[in-house]
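Chains as they are written, first to last, in this note's numbering: chain A, 8 to 807; chain B, 187 to 427.
Don't take each hint at face value.
Computed list of lysine-lysine pairs in BS3-like fashion (alpha-carbon distance at most 30 Å, straight line) [claimed, not checked]: (1) Lys227(B) x Lys290(B); (2) Lys170(A) x Lys192(A); (3) Lys179(A) x Lys259(B); (4) Lys160(A) x Lys302(A); (5) Lys284(A) x Lys316(B); (6) Lys144(A) x Lys65(A); (7) Lys443(A) x Lys65(A); (8) Lys290(B) x Lys301(A); (9) Lys160(A) x Lys243(B); (10) Lys142(A) x Lys227(B); (11) Lys160(A) x Lys290(B); (12) Lys65(A) x Lys223(B); (13) Lys259(B) x Lys170(A); (14) Lys227(B) x Lys170(A); (15) Lys309(B) x Lys170(A); (16) Lys232(B) x Lys243(B); (17) Lys144(A) x Lys301(A); (18) Lys455(A) x Lys399(A); (19) Lys301(A) x Lys65(A); (20) Lys227(B) x Lys743(A); (21) Lys232(B) x Lys142(A); (22) Lys321(A) x Lys399(A).
Just so you know, these hints were derived from the structure itself, not from any lab.
Spelled out from the first residue to the last, the chains are:
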Amino acid sequence: MRINIHFSLIFTAAVILVNVNNHAQVSNSIASVEFGAALENNSVQVSAEMLPVTGIAKVQIAYRAFEESEFKINEMELIGNTAYFTIPSEAVKLPAITYYFIVTFTSGEYETYPLGIEQGENIPLELTVLATSPKDKEILILSPSPGELVDIKKLFLTISLIKASDGVDVSKTKIFLNNQDITDKCLFAGDVILFYGENFPDVVSLGQQSLRVELYDSEGKFYHSTISTFTSTKSSTLKLAETRFDYNGSIKAESRNQKFSGVSEWFNNIGIRASSKYEDFAARGYLYVTSEEKKYLQPQNRFSATVEYSDIAKVEGGDIYPVYPDLILSGKRVRGFNGEINSGYFNIQATFGETRRDVEGKLVETYSRETAPLSSNVIEIDSALYGQPYGKVELGTFSRQLFAIRPSFGTGRTFQLGFTYLHSKDDYNSIEFGSKPKENLVVGSDLKFAIDDQRIVFRGQAAVSLNNSDISTGDLTDEQIDSIFTGSGGSSLGDDAESFKDLKKLVSKFITFNQFIGPVNPEKLASAAGEAELQLNYFNNNLRASYIYRGNDYKSFGQDYVRTDVKGINISDRVRLMQNQLFLSLSYEKLLDNLQNTKYATTGYQTINTSVSYFPRTDFPGITVGYTRYDNQNDIEAGSINEAFMVDNYTNRFFTRLNYNFEWGVKHNSILNIATSSRIDDAINGTDAKYTSVSLNLNSYWTRDLSSNLYLITYNSEISAQPFNYTTIALGGRYKLLQDQLNVALNISPSFGDFERLSVELLSEYLVIQNLRLTFQFRYYNYPNISSDSVAGMILRWNF
Amino acid sequence: MKLLLICICLISFTAVAGNEKNQPSDEKKPTPVALVKKIVKDVKYKESDESDWEIAKTGEPLFDGGLVKTGTKSLALVLFIDGSGLLRVRENSILNIYGDRDGKTLNKNAFLEKGLVGFEVSKQEDEEFKFTTPTMVASIRGTSGALGHEEGEGGDENQCDGISTLILNEGDVDYQTNCGDQGSGSVGGGGFVQIDGDGNINTGDNSNDQEDILNQTSSIDTKILRLQVEEGLLEIEYEPE
Numbered sequence: 008m009r010i011n012i013h014f015s016l017i018f019t020a021a022v023i024l025v026n027v028n029n030h031a032q033v034s035n036s037i038a039s040v041e042f043g044a045a046l047e048n049n050s051v052q053v054s055a056e057m058l059p060v061t062g063i064a065k066v067q068i069a070y071r072a073f074e075e076s077e078f079k080i081n082e083m084e085l086i087g088n089t090a091y092f093t094i095p096s097e098a099v100k101l102p103a104i105t106y107y108f109i110v111t112f113t114s115g116e117y118e119t120y121p122l123g124i125e126q127g128e129n130i131p132l133e134l135t136v137l138a139t140s141p142k143d144k145e146i147l148i149l150s151p152s153p154g155e156l157v158d159i160k161k162l163f164l165t166i167s168l169i170k171a172s173d174g175v176d177v178s179k180t181k182i183f184l185n186n187q188d189i190t191d192k193c194l195f196a197g198d199v200i201l202f203y204g205e206n207f208p209d210v211v212s213l214g215q216q217s218l219r220v221e222l223y224d225s226e227g228k229f230y231h232s233t234i235s236t237f238t239s240t241k242s243s244t245l246k247l248a249e250t251r252f253d254y255n256g257s258i259k260a261e262s263r264n265q266k267f268s269g270v271s272e273w274f275n276n277i278g279i280r281a282s283s284k285y286e287d288f289a290a291r292g293y294l295y296v297t298s299e300e301k302k303y304l305q306p307q308n309r310f311s312a313t314v315e316y317s318d319i320a321k322v323e324g325g326d327i328y329p330v331y332p333d334l335i336l337s338g339k340r341v342r343g344f345n346g347e348i349n350s351g352y353f354n355i356q357a358t359f360g361e362t363r364r365d366v367e368g369k370l371v372e373t374y375s376r377e378t379a380p381l382s383s384n385v386i387e388i389d390s391a392l393y394g395q396p397y398g399k400v401e402l403g404t405f406s407r408q409l410f411a412i413r414p415s416f417g418t419g420r421t422f423q424l425g426f427t428y429l430h431s432k433d434d435y436n437s438i439e440f441g442s443k444p445k446e447n448l449v450v451g452s453d454l455k456f457a458i459d460d461q462r463i464v465f466r467g468q469a470a471v472s473l474n475n476s477d478i479s480t481g482d483l484t485d486e487q488i489d490s491i492f493t494g495s496g497g498s499s500l501g502d503d504a505e506s507f508k509d510l511k512k513l514v515s516k517f518i519t520f521n522q523f524i525g526p527v528n529p530e531k532l533a534s535a536a537g538e539a540e541l542q543l544n545y546f547n548n549n550l551r552a553s554y555i556y557r558g559n560d561y562k563s564f565g566q567d568y569v570r571t572d573v574k575g576i577n578i579s580d581r582v583r584l585m586q587n588q589l590f591l592s593l594s595y596e597k598l599l600d601n602l603q604n605t606k607y608a609t610t611g612y613q614t615i616n617t618s619v620s621y622f623p624r625t626d627f628p629g630i631t632v633g634y635t636r637y638d639n640q641n642d643i644e645a646g647s648i649n650e651a652f653m654v655d656n657y658t659n660r661f662f663t664r665l666n667y668n669f670e671w672g673v674k675h676n677s678i679l680n681i682a683t684s685s686r687i688d689d690a691i692n693g694t695d696a697k698y699t700s701v702s703l704n705l706n707s708y709w710t711r712d713l714s715s716n717l718y719l720i721t722y723n724s725e726i727s728a729q730p731f732n733y734t735t736i737a738l739g740g741r742y743k744l745l746q747d748q749l750n751v752a753l754n755i756s757p758s759f760g761d762f763e764r765l766s767v768e769l770l771s772e773y774l775v776i777q778n779l780r781l782t783f784q785f786r787y788y789n790y791p792n793i794s795s796d797s798v799a800g801m802i803l804r805w806n807f
Numbered sequence: 187m188k189l190l191l192i193c194i195c196l197i198s199f200t201a202v203a204g205n206e207k208n209q210p211s212d213e214k215k216p217t218p219v220a221l222v223k224k225i226v227k228d229v230k231y232k233e234s235d236e237s238d239w240e241i242a243k244t245g246e247p248l249f250d251g252g253l254v255k256t257g258t259k260s261l262a263l264v265l266f267i268d269g270s271g272l273l274r275v276r277e278n279s280i281l282n283i284y285g286d287r288d289g290k291t292l293n294k295n296a297f298l299e300k301g302l303v304g305f306e307v308s309k310q311e312d313e314e315f316k317f318t319t320p321t322m323v324a325s326i327r328g329t330s331g332a333l334g335h336e337e338g339e340g341g342d343e344n345q346c347d348g349i350s351t352l353i354l355n356e357g358d359v360d361y362q363t364n365c366g367d368q369g370s371g372s373v374g375g376g377g378f379v380q381i382d383g384d385g386n387i388n389t390g391d392n393s394n395d396q397e398d399i400l401n402q403t404s405s406i407d408t409k410i411l412r413l414q415v416e417e418g419l420l421e422i423e424y425e426p427e
């Protein structure tokens, strides 16, 4: 019994820290996806393992909270054959995060995972978010604090159970340090438990320590546990740290072979991370060098260095991801510099660098002036050099520079007002064979205020953009302006050439002023974007109301993924009941497009999301039941002249999730997902679609060293009366050997039906010496009658 | 009753501090109110007014009525066991710790006899967190700041002697006089209140000197003096001025 409980706790986790493996999704690029702990209001780490395909340029994740309809899209960090990202805590809301991936290839083509999201042939995936247990607050680990660096000679543990439930029997509490039961070495002083390391020097070791506290009720039944980690070190090291110098880092080197469609290819990479701290200064560095770096592609290597002084100042250089108001600059890699000074009353942030590097195009064919065809990839070339004035080319990519600056006032805790300026421009001279270099200017403002201890929070931001779609001809000259205004009746711009010149003089200080500058209808707010959100947090309610407006011509080169030509409202509420055991969620969204009358009709997008989650404290499954309805319609009727643009569809989606930890011989944790969706499309070219999936995930902990996992999914869909059904079974286990020095894991996953594949994964990890790990991984994918692909690699990881 | 409580505390302490202090026992011991989380240089404690001062060790539990005393260039970090407050007891200070437990709530009172204490107190729900000095009572609702008390010429003989200053970094505090004219009020972040033995109240915005005191009391930066002695390297950690 003790052992069982022991393991249940080690893998507590398990429920909370469930690694969600999507073994079964059909994909040409992603093998599996793993998540860290998905706890409400906590950030979640995501990693997507790639299949052995070549030519992946970038991987992006699109995610949104349950009550939202707009996806945020961010580039993931691609290291070796795995892409990483951390979903920020703001998006981690009950009951689930909706997400999918976008994999872009060096050819410029891209696909989603699951396949066909943007074509409406599939729907995004969902990650169940769990509520943090209110029981967590019943165990107070006062010393050491989480992550604290402590002197091994002065180590003492203090656990306070003053807040523990009346049902808890404090005397039955168990304390584990690095999985060793030290309860009999602790002093129970009322509801406080103390442990003095100096009395038991053999118990405490150097390095990272894991402290686990288990509570039991008066009948001896397990009640709750919590885990905290800290680091113990020698006095001399600690003194060094207390003189405020500390450092750590890691080196990871990988060599792997990928066999894909009969082609074998080697990849090698090395990544070095280091960080140090001296008094209030902190510095971080990162270097990643890969054999996938090619001059004809966007950079695959990464490097960065950051120096921070407390929260007051920061300077970073290299590949950076600056965060500004997300209408303007967010999730974009910039190779350059970013600096911030935050005094509280006045703050300033500035960024300068390159968001794209130049990649030269290729001349394919030359033409005379007379024979040149009219085509976007036929451009003027140097006739002295190539013999002809026109050439058909494979277009290259101009390097693109970006500059952004944001002064702001206030700390942001209760008030902040910011102003942002962004300018981005293609370097026309960076390549020879390119077309239509572009330029972009955005100015915006953002405001936040919070009162009554963050119970009332208002956030708003607005921005206006100017975009020039071809700056190759430079600014209009005064002569060109005169020629426009010359002639009978003037021009559509009026008849005041001088005013126009004055306008050009003013605007051209900021952005190239020519006939390609937009928007052409600024008076209709075509290039304006704004959003405002009010949050009220009272009586266990989290009520949120927001309004968005995005003109159809709004464009920021610092943010590629803002949905434009849309306006509307979103109202949502999340209620916590029964001492945080029952959660209700309801949201309504109504959006409209065609803001500037640039479409044949205005389409309304209405979404209703509802869910109920119950996470009981008793021995009973956690349950989430949800319903979503999408209604999209415009007023174009079948048979009308514009029937091709008719939109008239609705989708009903139901889902149920159960997660349950139970003991049947040994400890198990399980997750059952049932989801069904039906889309009826009454438009002329509409596509009806329906699908049902049932999946079961079962993790079992047989002994301290052996655990297993079983995953089963059956997926049935019908798109345009075309059925697609398959079943996947994944069976795997993990075993620890040589006193935990060696970890071996094996997973076998066959898929049957319309999607046939056999996937085998073998992974072993060996602790060579302290802090040095050697990992071997082998993955094999067999697609019957198509191909057999594999990945085999070694990873050496050293932490210092 | 008080004597009985002292005896219980003493017995408990003996159990805690004795050679077998880490051996659990079936006997139900009282719950400490706070503990000394960090010690720099010269820090002493005693179980109650009637006890003798003893050298405090890191992790020392403090029971209801316990006292902490710091010497020159010394520092003690005191943490309440409900995790609600962290006190930085600066040099040459004497702080009494009181705790009154009512079910799951712990009402705390830190009485500053003299010296300077920096504090960070989390938001109190149904609980009470009070700072008292010979001249002031302050009810804390969740805030950070510093409290100092300078003894007057009357010394310990005069209970209402001296002057107390409460400097707030953030949050709100309700205060009232402990002596002389009865007065009360509240002070918010960025403000201070000063009360003397006659009950005179002086409030306003923090001066630069007071901001310096806040900065000084909010950090625990220490210096280490290393001396090579016959027995080896002697290290003395102390609080810089």
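**Request:** Of all the hints given earlier, name the ones this structure violates by number, lowest first.
**Result:** Hints 1, 3, 4, 5, 6, 8, 10, 11, 12, 13, 14, 17, 18, 20, 21 and 22 are the ones this structure does not satisfy, whereas the remaining hints hold.
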